[in-house]
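All chains, please: the whole structure from these sequences, using the hints.
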Amino acid sequence: MFEHLIAGFITVISPTNLLFCFFGVTIGTIIGVLPGVGPVAGTAMLVPFTFGMNPTTAIIMLAGIYYGAMYGGSTTSILVNLPGESSSVMTCLDGYQMGQKGRAGAALGISAIGSFIAGTLSVLGLMLLAPPLADFAIRFGPPEYFALMTLGMTLVISLVGESMVKGLIAGAFGIFLGTIGMDPTTGIERFSYGIPTLLDGLSFVSVSVGLFAISEVLEMAERSSQPPAYIDKISNLLPNREDWKRSIFPILRGAAIGFFACAMPGAGATVASMLAYATEKRISKHPEKFGTGIIEGVAAPEAANNAATGGAMIPLLVLGVPGSGTAAVMMGALLIHGMRPGPLLFEKHPDFFWAVTASMYIGNVMLLILNLPFVGIWARMLKIPHTLLVPLILAISSVGVFTVNNNLVEVWIMLLFGIIGYFMKKFRFPAAPVVLALILTPIMENALQQSLQMSHQSISIFFNRPISLALLAVAMLSLLSPLVRFFWPKTKKT
Amino acid sequence: MRKGMIVACMVLIGLSLYGIIESSTLERTMQMGVGIAFFPLSMSIGIGILAAVLLVGILKGKIEIKDEPICEKGGPLRVVMVVAILLAYIILIEGIGYVPSTFLFFAATVLFLGKGPILKTLLTSAACTFFLYAIFRLWLKSPLPTGFLGI
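Chains as they are written, first to last, in my numbering: chain A, 1 to 494; chain B, 495 to 645.
Just so you know, these hints were derived from the structure itself, not from any lab.
Keep in mind that this is a model prediction, so the values were computed, not measured.
Quick reminder that beta carbons are idealized off the backbone N, C-alpha and C, glycines included.
Among the hints, erroneous ones may be present.
[Unchecked claim] Distance windows between CB atoms, simulated:
{"hint": "1", "chain 1": "A", "residue 1": "Gly-291", "chain 2": "B", "residue 2": "Leu-511", "range": "45 to 53 Å"}
{"hint": "2", "chain 1": "B", "residue 1": "Val-574", "chain 2": "A", "residue 2": "Gly-102", "range": "50 to 58 Å"}
{"hint": "3", "chain 1": "A", "residue 1": "Tyr-193", "chain 2": "B", "residue 2": "Trp-633", "range": "20 to 28 Å"}
{"hint": "4", "chain 1": "B", "residue 1": "Trp-633", "chain 2": "A", "residue 2": "Val-409", "range": "22 to 30 Å"}
[Unchecked claim] Under the rule of at most 25 Å between Cα atoms (straight-line distance), these lysine-lysine pairs were calculated in the DSS-like manner:
{"hint": "5", "chain 1": "A", "residue 1": "Lys-383", "chain 2": "B", "residue 2": "Lys-609"}
{"hint": "6", "chain 1": "A", "residue 1": "Lys-281", "chain 2": "B", "residue 2": "Lys-554"}
{"hint": "7", "chain 1": "B", "residue 1": "Lys-567", "chain 2": "B", "residue 2": "Lys-609"}
{"hint": "8", "chain 1": "B", "residue 1": "Lys-556", "chain 2": "A", "residue 2": "Lys-383"}
{"hint": "9", "chain 1": "A", "residue 1": "Lys-101", "chain 2": "A", "residue 2": "Lys-348"}
{"hint": "10", "chain 1": "A", "residue 1": "Lys-101", "chain 2": "A", "residue 2": "Lys-281"}
{"hint": "11", "chain 1": "B", "residue 1": "Lys-497", "chain 2": "B", "residue 2": "Lys-556"}
{"hint": "12", "chain 1": "A", "residue 1": "Lys-425", "chain 2": "B", "residue 2": "Lys-614"}
{"hint": "13", "chain 1": "A", "residue 1": "Lys-245", "chain 2": "A", "residue 2": "Lys-281"}
{"hint": "14", "chain 1": "B", "residue 1": "Lys-497", "chain 2": "A", "residue 2": "Lys-426"}
{"hint": "15", "chain 1": "B", "residue 1": "Lys-560", "chain 2": "A", "residue 2": "Lys-425"}
{"hint": "16", "chain 1": "A", "residue 1": "Lys-383", "chain 2": "A", "residue 2": "Lys-233"}
{"hint": "17", "chain 1": "A", "residue 1": "Lys-101", "chain 2": "A", "residue 2": "Lys-285"}
{"hint": "18", "chain 1": "A", "residue 1": "Lys-245", "chain 2": "A", "residue 2": "Lys-101"}
{"hint": "19", "chain 1": "A", "residue 1": "Lys-383", "chain 2": "A", "residue 2": "Lys-101"}
{"hint": "20", "chain 1": "A", "residue 1": "Lys-285", "chain 2": "B", "residue 2": "Lys-614"}
{"hint": "21", "chain 1": "A", "residue 1": "Lys-245", "chain 2": "A", "residue 2": "Lys-285"}
{"hint": "22", "chain 1": "B", "residue 1": "Lys-556", "chain 2": "A", "residue 2": "Lys-425"}
{"hint": "23", "chain 1": "B", "residue 1": "Lys-497", "chain 2": "A", "residue 2": "Lys-383"}
{"hint": "24", "chain 1": "A", "residue 1": "Lys-425", "chain 2": "B", "residue 2": "Lys-635"}
{"hint": "25", "chain 1": "B", "residue 1": "Lys-497", "chain 2": "B", "residue 2": "Lys-554"}
{"hint": "26", "chain 1": "A", "residue 1": "Lys-425", "chain 2": "B", "residue 2": "Lys-567"}
{"hint": "27", "chain 1": "A", "residue 1": "Lys-233", "chain 2": "A", "residue 2": "Lys-101"}
{"hint": "28", "chain 1": "A", "residue 1": "Lys-426", "chain 2": "B", "residue 2": "Lys-554"}
{"hint": "29", "chain 1": "B", "residue 1": "Lys-609", "chain 2": "B", "residue 2": "Lys-497"}
{"hint": "30", "chain 1": "B", "residue 1": "Lys-614", "chain 2": "A", "residue 2": "Lys-426"}
{"hint": "31", "chain 1": "A", "residue 1": "Lys-289", "chain 2": "A", "residue 2": "Lys-245"}
{"hint": "32", "chain 1": "B", "residue 1": "Lys-560", "chain 2": "B", "residue 2": "Lys-497"}
This is the structure:
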């Protein structure tokens, strides 16, 4: 393992990879700082930038954006009580209060250091868990793959968003979209209406940029007010001895919660940070002090949302099942670069996995340096007016999507899905299951066809094989449990 | 919000009907497995059933919806205008090329959303256009649409 990791480090320390790792974490921090632009929108928007790169460099940069956004998200939560991205919501509770008491520096400091410790521990967890899991998953045949993808989708549907029914509708819509284009087995066209661009199916870049980036920008344009900028000087970033004593165990517990929660598809960084905060409050001797500006309330959720990134890499890279919107975008990017995530990735491209893992160690160090001494620069990012951000993001998205195939039809598709995504946000339909299903449907359909060919058209193949049966049983459980909650109570808020 | 959700459910039911009608023209069973209609047809039926469940729940009051406005006052106009400017940009980019259309797009959006000084807006638009040109064309070497002006 260590020789692989060393080889990974050697790959990463090439000037190009280091440069793009730095770009990734810097852009990620900016995306995290700017309220309204989340990691999933940022990652989707920047996928076209990676087309000229080799797959390793591309994923190093995209992963950097992902975990960089987690660092950046805490800055606005602490300084102006505005989460830069959804997983920093819990940091607002105590982080902002600490800022109000003149301890913004300590909150930012523990947030950056806690994020660094948790991020590093999660990469260690990824390194230790991924290879044995890949060894196990390599025995999977088409029925197990079909069952695994079904499980991944149902978990994301049941855990993302507030309503199971809306999640299911979003997932079904995504599967429907995934069937557009020429069927790979028969060559028959489905819903392409003679449009050449649609023969290869809907491009995931156009759909994800539309659903995530354009819809967010339209929401930004809708608001007339600009978020407040932070004008006070930030000082005393390094935590004192007492801060350390109170924070170290919340950081370690937050790291464990974040990593294991996100190693399962569906539970994203937001759920992980909420779990970590709730755990700290439950085990604290003074739960009433949570929300008044105590350092444990910053350390635990920040550690959890950063550890989540390492955990999220496990289902994505090892099983080929992305567990969140950002992971789905990264999977789409990998597929564009000709890399199929899954257990075979370890056999065919071990250098890729270890280089990405090593880059996460280095990226975490870069982020610590970027987020401690330069925190003032990130705080000033809030001064960028929306009037400039809106056209900038729209233009980057449009030109980026155009460069996918040098085709304006892709830009029209992006705009269409931007409008769909905007209304989905308004009516609280989650967008992540749509993109996840769009990416997984062709693979899933293929696995289903292969399984049925193996069994001479009998669906019993999914129930005769223990792994497939177990995965489908868990998928069914994950679907049924919220449905019971949906039908059981007399009223339910949406 | 409640009216909006009802309309959203109706749209979903319409989408489901469209999917069912279109999928019914495809093969449902094939010799070597399920037909190519299997996924689109089953998903269309699924969307229809789920949207109907949601609609019935809202109409019968089983699903409570907060009586809050979907967006703030003046918001829809701003969204429609931004979409209109983006539409014009996509149409123009092929005709007059990347550089002039992007400049016009920036200027129009900044002027509409910000109503700032015109000279500052034009300078900012020119800077942003060049910044994106430098990234996509000069650095990433991506081909960008060129119109009759050749830029």
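Practice prompt. Mind checking the alpha carbons of Lys-285 (chain A) and Lys-614 (chain B) for me, to see if they're no more than 25 Å apart?
Written response: With a Cα-Cα distance of about 56 Å, the restraint between Lys-285 (chain A) and Lys-614 (chain B) is violated, given a limit of 25 Å.
Worksheet item: When you take the CB atoms of Gly-291 (chain A) and Leu-511 (chain B), is the distance between them in 45 to 53 Å?
Response: 49 Å, holds
Discussion item. For a C-alpha distance cap of 25 Å, please report whether Lys-281 (chain A) and Lys-554 (chain B) respect it.
Written reply: 39 Å, violated
Worksheet item: Lying within 20 to 28 Å: is that true of the beta-carbon distance Tyr-193 (chain A) to Trp-633 (chain B)?
Response: With a Cβ separation near 37 Å, Tyr-193 (chain A) and Trp-633 (chain B) fall outside 20 to 28 Å, so the hint is violated.
Practice prompt. Starting from the hint 50 to 58 Å, judge whether the C-beta atoms of Val-574 (chain B) and Gly-102 (chain A) obey it.
Written response: At 45 Å between Cβs, range violated.
Worksheet item: Given the proposed pairing of Lys-233 (chain A) with Lys-101 (chain A), does the C-alpha separation stay at or below 25 Å?
Response: Status holds; Cα separation ~14 Å.
Worksheet item: Does the alpha-carbon distance linking Lys-245 (chain A) and Lys-101 (chain A) stay inside the 25 Å limit?
Response: Distance ~20 Å between Lys-245 (chain A) and Lys-101 (chain A) Cα, so the pair holds.
Practice prompt. Starting from Lys-609 (chain B), check that the Cα of Lys-497 (chain B) is at most 25 Å away, please.
Written response: 34 Å, violated
Item to complete: Quickly compare the C-alpha distance for Lys-556 (chain B) and Lys-425 (chain A) to 25 Å and report which way the hint goes.
Response: Holds - the C-alpha atoms of Lys-425 (chain A) and Lys-556 (chain B) are around 22 Å apart, at most 25 Å.
Discussion item. Next pair to validate is Lys-383 (chain A) with Lys-233 (chain A); report whether the Cα-Cα distance is within 25 Å.
Written reply: Holds. Lys-383 (chain A) to Lys-233 (chain A) sits at ~15 Å (cutoff 25 Å).
Worksheet item: Keeping to a limit of 25 Å between CA atoms, is the pair of Lys-101 (chain A) and Lys-348 (chain A) held or broken?
Response: 54 Å, violated
Discussion item. What's the verdict on Lys-497 (chain B) and Lys-426 (chain A), does the C-alpha distance respect the 25 Å limit or exceed it?
Written reply: 12 Å, holds
Of the numbered hints listed earlier, those contradicted by the structure are 2, 3, 6, 8, 9, 12, 20, 23, 24, 29, 30.
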